[in-house]
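Each chain, written out:
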Amino acid sequence: MSDSPVTAKPPMDIQSKEPQGVSNWLDERTGWKEMMHEFLDERIPGGARWSYVFGSGLLFILLSQVVTGIFLAMYYVPSADHAHTTIAYIIKVVSDGAFLRSVHSYGASIMVILLVVHMTQTFLFGAYKGKRELLWVAGCILFALVLGMAFTGYLLPWDERSYFATAVGTNVISEVPVVGQWLKLVLRGGAGMGTLTISRFFVAHVFLLPAALLIFVGAHLFLFRRSGPAGPPSADPVALKAKTERFYPKQLLMDSAFALLLIVILALLAHFVPKALGPKANPADTQFIPRPEWYYRPIFQWLKYWEGPLAVIGILVVPGILTVLLVGLPFYDRRPERRPGKRPIAVGIYSVVLLALIALGIVSYHVDHADPSVAAQLARQEEAEKEFMRQPFQPEMAAGSASAAAAAASGSENPLIAKGKQIFESNGCVACHGAGGVGTAMAIKLIGVGQKLPPDKLADLIRHPNARMKAGGMPAFPFSDEDMKALIAYLDSLK
Amino acid sequence: MENQDNQPTIPQPLVSEESLSPEERARRRFVGWLLGIVGAVVGVLLCIPLVRMALYPLFAKSGRAGWSDLGDANQYASLSTPERRVIQIQDVDGWRQTISEKVVYVTKGPNGKLRVLTAVCPHLGCEVAWDSSLNKFKCPCHGGTFAPDGKYLSGPPPRGMDTLPVDIQNGRLMVRYEYFRNLVPNKEVIG
Chain B
1 MSDSPVTAKP
11 PMDIQSKEPQ
21 GVSNWLDERT
31 GWKEMMHEFL
41 DERIPGGARW
51 SYVFGSGLLF
61 ILLSQVVTGI
71 FLAMYYVPSA
81 DHAHTTIAYI
91 IKVVSDGAFL
101 RSVHSYGASI
111 MVILLVVHMT
121 QTFLFGAYKG
131 KRELLWVAGC
141 ILFALVLGMA
151 FTGYLLPWDE
161 RSYFATAVGT
171 NVISEVPVVG
181 QWLKLVLRGG
191 AGMGTLTISR
201 FFVAHVFLLP
211 AALLIFVGAH
221 LFLFRRSGPA
231 GPPSADPVAL
241 KAKTERFYPK
251 QLLMDSAFAL
261 LLIVILALLA
271 HFVPKALGPK
281 ANPADTQFIP
291 RPEWYYRPIF
301 QWLKYWEGPL
311 AVIGILVVPG
321 ILTVLLVGLP
331 FYDRRPERRP
341 GKRPIAVGIY
351 SVVLLALIAL
361 GIVSYHVDHA
371 DPSVAAQLAR
381 QEEAEKEFMR
391 QPFQPEMAAG
401 SASAAAAAAS
411 GSENPLIAKG
421 KQIFESNGCV
431 ACHGAGGVGT
441 AMAIKLIGVG
451 QKLPPDKLAD
461 LIRHPNARMK
471 AGGMPAFPFS
481 DEDMKALIAY
491 LDSLK
Chain Z
1001 MENQDNQPTI
1011 PQPLVSEESL
1021 SPEERARRRF
1031 VGWLLGIVGA
1041 VVGVLLCIPL
1051 VRMALYPLFA
1061 KSGRAGWSDL
1071 GDANQYASLS
1081 TPERRVIQIQ
1091 DVDGWRQTIS
1101 EKVVYVTKGP
1111 NGKLRVLTAV
1121 CPHLGCEVAW
1131 DSSLNKFKCP
1141 CHGGTFAPDG
1151 KYLSGPPPRG
1161 MDTLPVDIQN
1171 GRLMVRYEYF
1181 RNLVPNKEVI
1191 G
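Chains B and Z are the protein sequences, given in the same order. Heads up, the first sequence is in my numbering, so the first residue is 1 and it goes up one at a time. Heads up, the second sequence is in my numbering, so the first residue is 1001 and it goes up one at a time.
Honestly, the hints are just simulated from the structure, not real lab data. Quantities reported herein were computed from a predicted structural model and do not represent experimental measurements. Just so it is clear, CB atoms sit at the ideal spot from N, CA and C, and this is done for glycine as well. Hints are all accurate, no fakes.
Simulated restraints, written as ranges between beta carbons of each label pair:
1. Z/SER1021 - B/VAL203: 54 to 62 angstroms
2. Z/ASP1131 - B/GLN422: 42 to 50 angstroms
3. B/GLY473 - Z/SER1132: 56 to 64 angstroms
Pulled from the structure, derived: some chain Z residues nowhere near chain B, Cβ distances all over 12 angstroms:
4. ILE1168
5. ASN1170
6. ARG1181
Taking beta-carbon pairs under 8 angstroms as the criterion, some of the chain B residues facing chain Z (in silico):
7. MET74
8. THR86
9. SER95
10. ASP96
Could you build all of it, start to finish, from the sequences and the hints given here?
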């Protein structure tokens, strides 16, 4: 070894007279300077631009989702019994839990927005052209994976909103011909939505989809560095080539500034408008009107127009054609022309589809708003969410708990409670407060009301409901003292 | 327009720092420091909620809801023999709570003050029963006996029955349930 000629950079030559210091020591062993050079000095044709920040912005939000997701998983339990309680615990009890859960939840929305912007920018710049087919396809797969993440993550809190939205979402899948029913069964882990559904969605959300995301983000970045940035669509590509700029410092500064902007937006949203959690999913609730998250609203509205035998066109054929058109874009659009003004058909179709989706979303909200009964029910659902958020955290009673056992043992054995139950059921209380006082979208749950209010106050409220109760539709019930005693004994037994 | 632009850019030979002008090098260094410092500050700020969330259980109030209610203190004023009471204690374990029932005896100490005894025998932990015919406590397992105030009388137990911390709050007799080490001569709280 000692006889070999000295190379320009002998990595392991301890005899070399290279400068000393920690960074050199590390460099000799890791080659980090070369890596930084590779990363920072990438040539950008046409120079740094603000329109390039969306890709790195997506990467940044993805990182934020991973980190906040890991911390949420520290407290979350994926089971129909505990999921809702653990999210309520995160939001109402754990320090900064509401903040981080909101960052995670809003992060999903911001990611969808950035994806559309990133894709639109790539499309308008014609940056998918020139041996960049795989780069574009990897990007499309990432789009689908992010939508999958949003869909699976949405169910996990197991509140009314997420439960019913996912019930509808999985029902839509069953409309797919031939394999639809089977797909629904696989997704739900059974015919109905239950604890197996939540386990499956959890595994998809934290293991399967993130693994796929990791692979395709890696592929997307690798292919991007391999083909290099396309630069802006320009009439004179030679001039573009002549004026290249390194990624560092200007583009990195722009990317960092954008990341900072994203942090500020997310933090302000999460702090001032924390995401709410609704009451626990009650599958028996027949009043609840399910609505998906905003980014699924266009598809939701679209599907409304396709019912009956033609549904397959709306659910499969049209989205299928659009997907093939989008993913296959770099394969059939072989013209080298990149300027959007010279690609009227492509830009026209893209714009029409994008605008149609936006319009469908707006129509969906408008339709809900215009129908008074729907609007009223949606308002009630929102009020139920707010009411749940106002209540202090209720820990879950562990199995084998003394009072849980006592509550189970009581019931009809006590004649007073049995009488109260009969009064509750024969006076229409059940209609709004649900069987056993579990609560519905119409009225609050009465389980535990006996612990919150003393009997005389409870009796007074039943005889003379306050303004808020009246507004919610609670009538006054002038029961006799004897009946009232029985009713309150029954309410007390609801734990 | 045949542009070569659509071809992937051929990786250009990497240019070393030395080939840059001195101004450019100074600019790069400045931006490096700027990004490093701002990045570090923002990074630390972002870590605050994460650390607070992760460490929450360490600072949360301890799991036991302190005092259990034994009812109006006056009802025990004319107490002549120990009275058996079942109290509920709440254990909060994160988002779960367990309510368990424990047996205690309300009695009077030698000075006439109210005293609450745990029913757990200091010998091997059986539930000690009050035997009114004998006017003493008797453990059903190994026959240890105790006086009405809990003092050791006879049998294998190493000490008398254990007293629990009591307090009168708003006229109500409150007790804090505790567990004690068995088989040792002196009372020793174990949580």
